[in-house]
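Q: For the record, the sequence lines run as chains A and B. For the first sequence, the residue numbers in the numbering used here are 297 to 744. For the second sequence, the residue numbers in the numbering used here are -5 to 482.
Hints are computed from structural coordinates only; laboratory data are not their basis. Since we're looking at a predicted model, the values are computed, not measured. All clues stand as given, with none of them false.
Now the stretches of chain A that chain B is said to cover, found in silico as 3 or more residues with beta-carbon under 8 angstroms:
| # | region |
| --- | --- |
| 1 | 608 to 620 |
| 2 | 627 to 633 |
Below, simulated DSBU-like cross-link-like pairs (lysine-lysine); rule was C-alpha separation at most 35 angstroms, straight line:
| # | chain 1 | residue 1 | chain 2 | residue 2 |
| --- | --- | --- | --- | --- |
| 3 | A | Lys631 | A | Lys734 |
| 4 | A | Lys631 | A | Lys662 |
| 5 | B | Lys373 | A | Lys735 |
| 6 | B | Lys326 | B | Lys304 |
| 7 | A | Lys437 | A | Lys402 |
| 8 | A | Lys385 | A | Lys402 |
| 9 | B | Lys326 | A | Lys631 |
| 10 | B | Lys373 | A | Lys631 |
| 11 | A | Lys734 | B | Lys373 |
| 12 | B | Lys326 | A | Lys734 |
| 13 | B | Lys247 | B | Lys304 |
| 14 | B | Lys326 | B | Lys247 |
| 15 | A | Lys631 | A | Lys735 |
| 16 | B | Lys304 | A | Lys631 |
| 17 | B | Lys247 | A | Lys631 |
| 18 | B | Lys373 | B | Lys326 |
| 19 | A | Lys502 | A | Lys662 |
| 20 | A | Lys385 | A | Lys437 |
| 21 | B | Lys326 | A | Lys735 |
Every residue gets a Cβ at the ideal spot worked out from N, C-alpha and C, and that includes glycine.
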Amino acid sequence: MKKFLYDNGSVVVLVLLCLYYAIATVDTIYPVGPAAGRQLARQLVAAYGDSTEVMVVVGESASEREFAEAVRSELESSGAAVHVLLADKPATVRQGLVEFASGRQKMDAIATHHAGMQWGPLQADRLQALASEVPALRDVKVHEPRSYRWPTFFTQANLINVINQNSAIFIIAIGMTMVIICAGIDLSVGSLVALAAVVVAIVAEKVSAGQPVSTPAMLLCCAAGVLMCALWGMGSGIVSTYFRVPAFIVTLAIMSMARGLAFTLAGSPEGISIDSAFLTELGTGRTMGIPNPILVMIVLYSASHIFMTRTRFGRYIYAVGGNPEAARLSGVPVKGILVMVYAAGGALTGLAGVIETARFESGDPKLGEGFELQVIAAVVVGGTSLFGGEGRIVGTLVGALIIAVIDNGLNMAGVDSYAQMIVFGLLILAAALLEQLKKYAWKRMSAK
Amino acid sequence: MTGIEKSFPGVRALRGVDLELGQGEVLALLGENGAGKSTLIKILGGAQSPDAGTIEIAGRTASIHSPQAAQRHGIAVIYQEFNLVPALTARENIVLGQEPRGRFLSFRRERERAQALFERIGIAVDPESPCRDLTVAEQQIVEIAKALALDARIIVMDEPSAALSPREVEGLFTIIAELKSQGISIVYISHRLDEIFAIADRVTVLRDGEQVGTRAIGDLTRESMIEMMVGRKLEDEFPPRRTRPTQSAVGLKVSNLNRGQAVRNVSFEVGRGEVVALTGLVGAGRTETARLIFGADRRDSGDIELDGQKRRIRSPRDAIRHGICLLTEDRKAEGLVLGLSVQENFSLPNLTRFSRWGFLQQRRERAALDGFVQQLQIKIAGRQQLAGTLSGGNQQKVVLAKWLQQHAEVVIFDEPTRGIDVGAKYEIYLLINQLAEQGKAVLMISSELPEVLGMADRILVMHQGRITGEIADAAAATQQAIMELAVK
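Isolated chain A, as found in the complex (with noise of 0.2 angstroms):
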């Protein structure tokens, strides 16, 4: 038990959050969708029978149109005669109950979500008013689909949404947990998250010349953006191993650089908004009904476990974090890994700046900033040793869930922005005291 506690600590901390939001976040849900048409559809028969008179009163959004396709199917095939009714506005459901009540003797129901129930003309004094010109509406009663309490973090849609917005700290965190398994560190990812979509935004504003960018030439783009940071992380890596600089300090250099050649290249703290339909599918549009920025993520995830665990490459890296001189004494090129491990880092903060341009649609000088803090905070509270040699792909991926759980948690109770930075660096220095105590711990277990 206190191993498994010792070992899994960070999975027990985010099973702990996610039941802690589940309880503070409950609440009356109304749902909307073609599950709640079906159960609203069966409510009806079973109060009318089978042979109602039912209108379907709804909005015009995609959700609504399937919510009142369910109904009216579900009630069609029980026998009732269904009308379906999409209003962008009160006057319109006034206008379309009036035309649709006076051609006919009875009207059993009005079917509605509960955004509907708060409309005017279903009122029912509003309703008893139009009776007296319309006497079909006599008797009519407006339902809605029954209404439960559930957590709102549980969500389907905010579960994704809690992945996507951090999309862009899930892949940096990959290339980081390399980086510090190292016994490096890279403070420089969000700068060069901002200087990728600047980047980027330019080389696509040059091309297109005013005009959407086509497919090829916005891959052109993005590759020139990860290849540049690819390049910044390499210099890093050359600096901080052949001339023995500590990468603290050559990546503190690189971010104040990176930040600001940014925004003088941006000429504006205002971002540069591309035109391509390839950005937005990558960065709003859905493959298999999960968003295509955590598509990106999870093959990420699963290609970089395997490289950490599976290849040799992989293997030396440990072995240069954990003794480097023994590592090289055995062989291992030492200085040409960690020059291709900041590489790896730096073309991971560039693919991940490309998708927060692909979000926003916009490459934005402000991207990206914070961001090196709450990389580290996931790589450390993932379990990777900031001393270097140890570390887990899917630690770090515990590591960021936590991380946008809590983000989501302190936007959901609508802490600003800047208290979420003491939150994230006490969560960091939290992390590496656990560490230690850890290691405390161990020595004196198994002293001798």
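Start from chain A and add chain B according to the hints.
A: This is chain B only, laid out in the frame that chain A set:
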């Protein structure tokens, strides 16, 4: 100390050990690694608390539950890894923790104090040199001075000679004799039996956490000491080899190797099937020479030939590719990645063999490791056990396994048995012989002269970066002959 007991989760480190130390006496504490010596002295030094048992000093029961309490009782422990602050000077280290309260430091007073202490020891160290610039022997003197500064009546030395050259060990013995004459009692821990005969009055032997016995040094022989430690009779300290080197085949040839002052014009050959010992004082340039051959450091000049062909070796990677391997002196710092598992350490130089298209083939990796675990009788809890949790002997075996898997033709051992207990030593000697029998060229660096004499076919002696002598027939050599070359 009476009836000392101490258990750790899963291990009973000490089971009722008694230890008696007379005033002005040198007591040698002997035992294999893991016999409980370290635990015992940690208890004496207050670094750990015993589960049971009492400690009496000058007839009065003393409760020692912290290093500070040990200091108050006049006990000082000099651990293998010194407790000196590298950036502070010798003087500053000596008075560290005893600086006067409430007034400014007086360098003059401190210097006088340090000088007085050095006089008591009989050897002086420049009090103003930072400790990181001092040699190991000088640092040890600083440690001893620090112990005296605390009015220690009992000084425990844990393997004080491990990193000293034979001449420095002589110096240490003079110091110990001097301390003895001042009525200070000394507990001396060492694996080197010769030293124990040279200075100890009595010997206490531990085995598996139990006291095997205490004898006066006059009642013991080398063989009986080993027998007490190992608990069985050892046929021979050094196993015989079945083959003789063939004179014709030169495996490794080194010519005019140079690096600064450390290695100067070193040339020699190691034949196939031959074990050549490279010996000399610590700092003579032996390890440096090995590192140059292995490409670990850049050489100023010099050629390396393997089987008569000149090879370009500029990094350990090159050396490994050409079939040279180096088992370093410092296993923990250079030989192993302590935070990685046995399997990962074993595979590190061999991953090219164990992977295809960059992907690891863990089944082959495991099979190879299992073979060596059986062959070398490596005691591990599992392939995933962390290398840092193994005993010295097993760590050395893992290092051996990782290089044996390479099937290298030239094997360089740098102090292969340092810090390893007698039983494991024998197994390592067997392996060295086996390698020679397979026709490999073996270069063995060692400071332990009995080991050099017992194992080598030929002996090379280094002094101040040069090879100062060669003893072609190791069987006829003596320790004196080697020492003369080593200090020439």
